[in-house]
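Q: Based on the sequences and whatever the hints tell you, model everything.
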Amino acid sequence: MSTISSFKKESLNPIDTSANESEWPTFTAEADAEAKDHFIQRNGLEFAGTHLLIDFWGAEHLTDLELMETKFRECVEACGATLLHIHLHHFTPNGGISGVAVLAESHISVHTWPERGYAAFDIFMCGDAAPEKAVPILKKAFRPTRVTVGEQLRGLTQPEETEE
Numbered sequence: 002m003s004t005i006s007s008f009k010k011e012s013l014n015p016i017d018t019s020a021n022e023s024e025w026p027t028f029t030a031e032a033d034a035e036a037k038d039h040f041i042q043r044n045g046l047e048f049a050g051t052h053l054l055i056d057f058w059g060a061e062h063l064t065d066l067e068l069m070e071t072k073f074r075e076c077v078e079a080c081g082a083t084l085l086h087i088h089l090h091h092f093t094p095n096g097g098i099s100g101v102a103v104l105a106e107s108h109i110s111v112h113t114w115p116e117r118g119y120a121a122f123d124i125f126m127c128g129d130a131a132p133e134k135a136v137p138i139l140k141k142a143f144r145p146t147r148v149t150v151g152e153q154l155r156g157l158t159q160p161e162e163t164e165e
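Numbered by the numbering used here, the letters in the sequence shown go through residues 2 to 165 in order.
Be careful, since some hints might not be right.
As the list claims (entries may be wrong) - Quick list of simulated restraints, FRET-style, between CB atoms:
(1) His-39 / Glu-78: 17 to 23 Å
(2) Leu-68 / His-39: 26 to 32 Å
(3) His-39 / Pro-137: 22 to 28 Å
(4) Gln-42 / Pro-94: 44 to 50 Å
(5) Gly-59 / Gln-159: 36 to 42 Å
(6) Pro-137 / Glu-67: 18 to 24 Å
(7) His-39 / Arg-117: 34 to 40 Å
(8) Gly-96 / His-39: 18 to 24 Å
(9) Arg-144 / Arg-74: 17 to 23 Å
Think of the hints as simulated: they come from the structure by calculation, not from any bench.
This one's a predicted model, so the numbers in the text were calculated from it and none came from an experiment.
Think of the CB as a built atom: it goes at the ideal place given N, C-alpha and C, for glycine as much as any other residue.
A: Following this line, the structure appears as C-alpha cells:
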C-alpha cells in the first residue's frame, strides 16, 4: 500500500490517501522461525547493514509522485527487499517530494528540490538485500547529470581485542 499526500501551503493540512491500516502487510519475528538479527558478515566484517547516500544533480522528473512510487517499488524488488509501506508527500508550490519506502530490511527515502534539479536518496538495507542494485534504476528514471554515492556500513562491530 502507498500513501501519497499533497501539502497545500494555505491550509497546512496534508491530503492523505492512505489505505486502511488493516490492509498493510505485517512482518513479525514469529514468521521467521529462526528469528535472525540479519547482521551481515562480509570480508571479515560484521555489520547491521549498508547505507547508501546518493545525491543527484541536474535530475529530471523530481515532481512526479507516480514515477517516484513506481521506481521505489522497482528498487525494492531489484534489491531483494520486502516492502512494508510507501509514503510520499508532495509540496506546493515548488512540487518537491519527500518520501519513504519502509522495508522489513530498513528503508529507501527521498527528498527533492526540483527548482535546483537536486534529489537526495538514502538506501539502508540489512540481511541479504543488495541496495546497490537500486542506483541504476534511479539513475535511469531521473537522468541526473552528476551523481555521488557514499557508502556507510552501519552497526559495524569491532573485532574482539586480544589480550597479551
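Q: Does each hint fit the structure? Answer for all of them.
A: Okay, the hints, checked on the actual structure:
no.	hint	result
1	His-39 / Glu-78: 17 to 23 Å	19 Å, holds
2	Leu-68 / His-39: 26 to 32 Å	30 Å, holds
3	His-39 / Pro-137: 22 to 28 Å	24 Å, holds
4	Gln-42 / Pro-94: 44 to 50 Å	49 Å, holds
5	Gly-59 / Gln-159: 36 to 42 Å	40 Å, holds
6	Pro-137 / Glu-67: 18 to 24 Å	20 Å, holds
7	His-39 / Arg-117: 34 to 40 Å	36 Å, holds
8	Gly-96 / His-39: 18 to 24 Å	36 Å, violated
9	Arg-144 / Arg-74: 17 to 23 Å	19 Å, holds
The structure does not agree with numbered hint 8 stated previously, though it agrees with all others.
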